[in-house]
Amino acid sequence: MHPDAQKIQQAFPEAVQSAVEWRGDLTLHVKRDRLHAVCRYLHDDPGLDYDYIVHVSSVDWPDHPERFEVVYEFYSIRRKQRIRVKSGVPEDDCVADSMTDIWKGADFMEREVYDMMGIRFRNHPNLVRVLLPDDFPEGYPLRKDFPVRGKGWRDTFTFIGEKTG
Amino acid sequence: MPQPLEDQRTTVYKVDPEHPANPTLPTLRTEEMMLNMGPQHPSTHGVLKVVLALEGERIVKATPVMGFLHRGVEKLAEDGTYHQFIPHTDRLDYVCAMYNNFAYCRAVEKLLDLKVPPRAEYLRTIVAEVQRIIGHLFWLGTQALDIGAMTVFFYTFRDREILLDFFDELCGARLTTSWYRIGGVERDFTPDLVEKLRRFCDYFPPKLEEYVTFLNTNRIWLSRTKGVAVISAEDAVNFGLSGPTLRGSGVDYDLRKFEPYAAYGDCEWSVPVGKNGDTYDRYWVRVEEMRQSRNMVKQLLGKIPDGPVMADVPSVTLPPKDKVFNDLASMIQQFKLFSQGFQAPKGEIYCGTEAAKGELGFYIVSDGGGKPYRLKIRAPSFIHMGAFDFMARGYMIADIVTIFGTYDIVMGECDR
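Chains L and C are the protein sequences, given in the same order. Here the first sequence stands for residues 1 to 165, numbered as in the working numbering. Here the second sequence stands for residues 1001 to 1416, numbered as in the working numbering.
Take the hints with a grain of salt, since some may be wrong.
[As the list claims (entries may be wrong)] Listed below are the simulated DSS-like cross-link pairs for lysine-lysine, each with C-alpha atoms no more than 27 Å apart in a straight line:
#1 C:Lys1115 x C:Lys1275
#2 L:Lys144 x C:Lys1346
#3 C:Lys1049 x L:Lys104
#4 C:Lys1115 x C:Lys1298
The set of hints was computed from the structure by calculation and includes no laboratory data.
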């Protein structure tokens, strides 16, 4: 097991569900209610020192009991080490804790996850859509039940020169 | 029946009817003003809208409004095979298409655990560094133009044109190149192309000195870049900035050195790092990077190894083009790869690449099928926009153009 994973597992024995190393990437699966505490530890502990936020992402697994997965990736510039932390989010309680108080860069990244996948973040300062229009009525496009062509909102637009009615 | 609007204008200046040119000034009314900038402003590098809250000419809050160029690239990726996504990556950062291809192909190769032949690695590195020079020349020209120094624009675009012609001969396109392939590159350099690049390597350094002289002796350039859009190293890291924007603040985070890939380990070069974290330092970093890139290209051109330019893994990589129409097995291979794709192993990877604008990363989740189950693009421009408000507060309205120029932002990549 990777020494970092071991260290985190010792600090949070009840939170870490699995630690996988594949193709050189270290992935930790963490319980949702402890995700913020684990990330705080990753950032603040001088032996881990994950000071750089790489990306925040999300995956939709429609058949799983915990449908969504929120994925954080961090990097330690001093130690040149990368880690991925993720946790499952069920559909009926689609909320995760925001990391904006630890990494300011998480602000826009979490907004994008909300915009695309509909996962809400607790304690986020400004959780509104970022790429799609504010009045986008079709839901969250990166969910697997969203058709690639959209749900028809675009067909209701009128264009300049087009006859209306 | 619509009601007439109430006149809400308040008198600020009382004009003395006897001396109309000499208004008596009462206490000036101050209030915050909202100003929309963009999305069609010429210096917003595409379609970025910024809502500015102003107090006089000072920026109190700057809210970027994005998404005008959103095309759902991540959704489209889930609908096509791995090979079919390569042309989509051209349209992310359309100024540096080669680097996007590179970043994507590297990510898929990491997912497949595919080894690329050394000759292909060298060609990839050379072309990537040429693309970096193009990206930085483009930035230098447009940033100078936005700030008011027009001359540099013409010169940098002239040199950029030489390199775009090189791309044209290499792959048939100037901007949307799609030259990289999973497992190698589409075609080899011809001796003529190598000679062209050699000539450019000799031609470029004195020209670059000339542009730097233009700008470093320009008082307007200096006063409009020094001390503008300052961000400390700690904040820059906390925001997740990358590339020259981060290195200008004195952090030597460069994936080419931190996780050496392709042929970056085989040549001598250094990472330029700024001190003050202002626009001028980022400009200096980019100019220095162009010098380093030119040196890298010159070194690597001298020692390109012989061999194939494409890995030979028939289940994944494409057959050589000249065989496709003459050899039945190759034709079937080509057909199968483009109609069904290849089965990637189940798993997830993240692979970051140091593009001209910053760390361009691809996070790919595979469920074992022929299409990416989820493909997330870590676009540096988008993440840089997250720090925009933080960096713009307190500056004058005239600086706003400098501030979003300083990231080298491209909206195609930001909105995806």
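Results of checking the hints against the structure:
no.: 1; hint: C:Lys1115 x C:Lys1275; verdict: 38 Å, violated
no.: 2; hint: L:Lys144 x C:Lys1346; verdict: 18 Å, holds
no.: 3; hint: C:Lys1049 x L:Lys104; verdict: 22 Å, holds
no.: 4; hint: C:Lys1115 x C:Lys1298; verdict: 25 Å, holds
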